[in-house]
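S.K.: Next come the chains, spelled out residue by residue.
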Amino acid sequence: MFGFFYGSGALQESLIMQNEEQSIPLRKNGITAEAIGQDRCYAAKVKHILAPTDLTPEAHKGIDYAVGIAQRTGAVVTLLHVHDEDTTYRYVLGGDNFGDEDVYREKAEMALRQLCVDYREKYSAITTCYRVGVPWDEVASAAREFDSDLIVVSTHNHRWIGHLLNGSDAERMFRRAPCPVLVVPLHE
Amino acid sequence: MTTVSPEPVKELSISIHKILVAVDLTENSEYTIGYAVQLAKSLHASIVLVHVFEPHPMYEFPNEYAYDMIENQRREFEMHLVDHMDKVRAAGVACESAFLDGEPAERITALARQMDADLIITASHHPTFLARLFNLDKAPQILHRAPCPVLVYHEKDA
Chain F
1 MFGFFYGSGA
11 LQESLIMQNE
21 EQSIPLRKNG
31 ITAEAIGQDR
41 CYAAKVKHIL
51 APTDLTPEAH
61 KGIDYAVGIA
71 QRTGAVVTLL
81 HVHDEDTTYR
91 YVLGGDNFGD
101 EDVYREKAEM
111 ALRQLCVDYR
121 EKYSAITTCY
131 RVGVPWDEVA
141 SAAREFDSDL
151 IVVSTHNHRW
161 IGHLLNGSDA
171 ERMFRRAPCP
181 VLVVPLHE
Chain A
189 MTTVSPEPVK
199 ELSISIHKIL
209 VAVDLTENSE
219 YTIGYAVQLA
229 KSLHASIVLV
239 HVFEPHPMYE
249 FPNEYAYDMI
259 ENQRREFEMH
269 LVDHMDKVRA
279 AGVACESAFL
289 DGEPAERITA
299 LARQMDADLI
309 ITASHHPTFL
319 ARLFNLDKAP
329 QILHRAPCPV
339 LVYHEKDA
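Protein chains in written order, with the numbering used here: chain F, 1 to 188; chain A, 189 to 346.
Next comes chain A alone, as it looks inside the complex (with noise of 0.2 Å):
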């Protein structure tokens, strides 16, 4: 039974200017998005959208309009990730886009490093045992490769 007695406080010196805000792009994608805003907003930060395509595994062997759909698929959700990358530059907050290719909490986190991100904000859909056991949730992923503080979204409970 020890208590450590708290140390004096020194300054705080929090600085948070670029905030990297990983999605996959689904719908819950919008509240992750609105909640960085805002709170980029109020830390007067600037935000770097990342979406890491990851097509789905295909083990047979695959013919042209397999290649066709998964052009179409990234195209698409290019165009997705420019369109969220536009409204939050209306709602009045600095943004860039990334996209990239390979394995999401991979690269979401050796961004995070080349860019020098003061914070990565994403999202937790499945936080449950199967998703876990199936990889499915890269939240847990993210938070132990981060070099930085980790935010994990979910909608708050009403």
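Pulled out of the complex, with its shape left as it was, chain F reads as follows (with noise of 0.2 Å):
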């Protein structure tokens, strides 16, 4: 709707479609000590790994662990930024006024772009996703449509990935996300 989707389908369809060779038929309930043996039970290949990001260099720590893990697991990483859009705002100015909306869009998607291309370098499956909405919804609605694997997002409370992980936040994210989460934490 209002998402866009930077970089190429095909990229990833090829790289997903390396993966297959070596993908694991889904277990289904009960796992036997010999199913375990055999390897057959854990289909949990991280496949696709998103990263949402606010573009504050606080947040790189979390896109280096998800372009870590990628780089070991062959996973295609998606770097997601949420325009945390205040309707209210919206409303008061009018229905004419998104100057500053549009400018703030070119710029996220411009930062977003030089942020692909920086950690391309390291790691070449790297796609980026731009949406406008409420954070969490857009972070879980973006897993379940790139069918995603892991949720990798650093804490920091600035903006909303720090609001993200606070108290209720917090569990509403793991609630909503489809997927696995892996929070990094900044004070190391």
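By construction, these hints were calculated from the structure, which means they are not laboratory data. Any given hint could turn out to be false.
What the hints assert, rightly or not - Pairs of lysine to aspartate or glutamate residues, derived as DMTMM-like cross-links and limited to a Cα-Cα distance of at most 25 Å, are as follows:
hint, chain 1, residue 1, chain 2, residue 2
1, F, 61, A, 306
2, F, 61, F, 84
3, A, 229, F, 147
Two chains, two separate frames, one set of hints: put the complex together.
M.R.: So, in structure tokens, the structure goes:
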């Protein structure tokens, strides 16, 4: 709807094709020891990693992690930026005052693309995605759309990513997210 | 409306060698362990399985029978943990186990700090409002106290 998807779908597809050779059939309920021994029941192969970023340097640590894991698992990384749109603000300004948002969007997309280019020096399978809406909803719906196996976020409290992990918002995110969530703390 | 232009990317220094897997030994734990094994394989890391035994609080004055029951339960859980450890070893990942007593989030994060873990994997089985109110969900507690990254696992939607 609002989402724009940069990067080649063909690249993603070809990478997924590569991974399919090694993929294991989906496990059902009830794991037996033999099944684990034969390595059949673990279908949790990481193929797609979603890395939400608010484009601050602090968020890079989370992306570092996502790319680091992707380097070893051969997953596709999607850098996601969600513009936390304030609907009240928009309403007060009236329908035709979207100049600010357009400027923001342009800058954010530029920054995202630059980030993507920088990280591609390390690892090639990186795409970007820009969305507008409520952050945790958009992160969850993007994860569903891309069929992500992992969401990697880093904690800091300046912007919406920090709010994602504060108190009930963290819990809300775990509940909405369709896949495991990896949280990288900054205080190390 | 300020957008910070990204800084130049530095060398990636992601080293995950020790993964601490906190399990509550319900049937969901197998999936958590399965995920951890898969991840440990691709990262060439070793796993430490942890279970923190937390008996139900007894409000009445307990008799001998109750203590026996708790003892039995404890022994059962310990055996369960060893079973899981054997399975992980059979899957080809270096694995150790730790069986602790006390407050789960406290003990797990303390152990992570002590053994210098690079990643904690845990599961969130009760991500509901009531569970949060009654302190059933340990994942947020672990998350807020952890010295290292935390992976909160739950089953992927079909």
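S.K.: Next step is simple, just say for each hint if it's right about the structure.
M.R.: Consistency of the hints with the structure:
no., hint, in the structure
1, 61/F <-> 306/A, "14 Å, holds"
2, 61/F <-> 84/F, "21 Å, holds"
3, 229/A <-> 147/F, "22 Å, holds"
Hint check: no violations occur; every hint is consistent with the structure.
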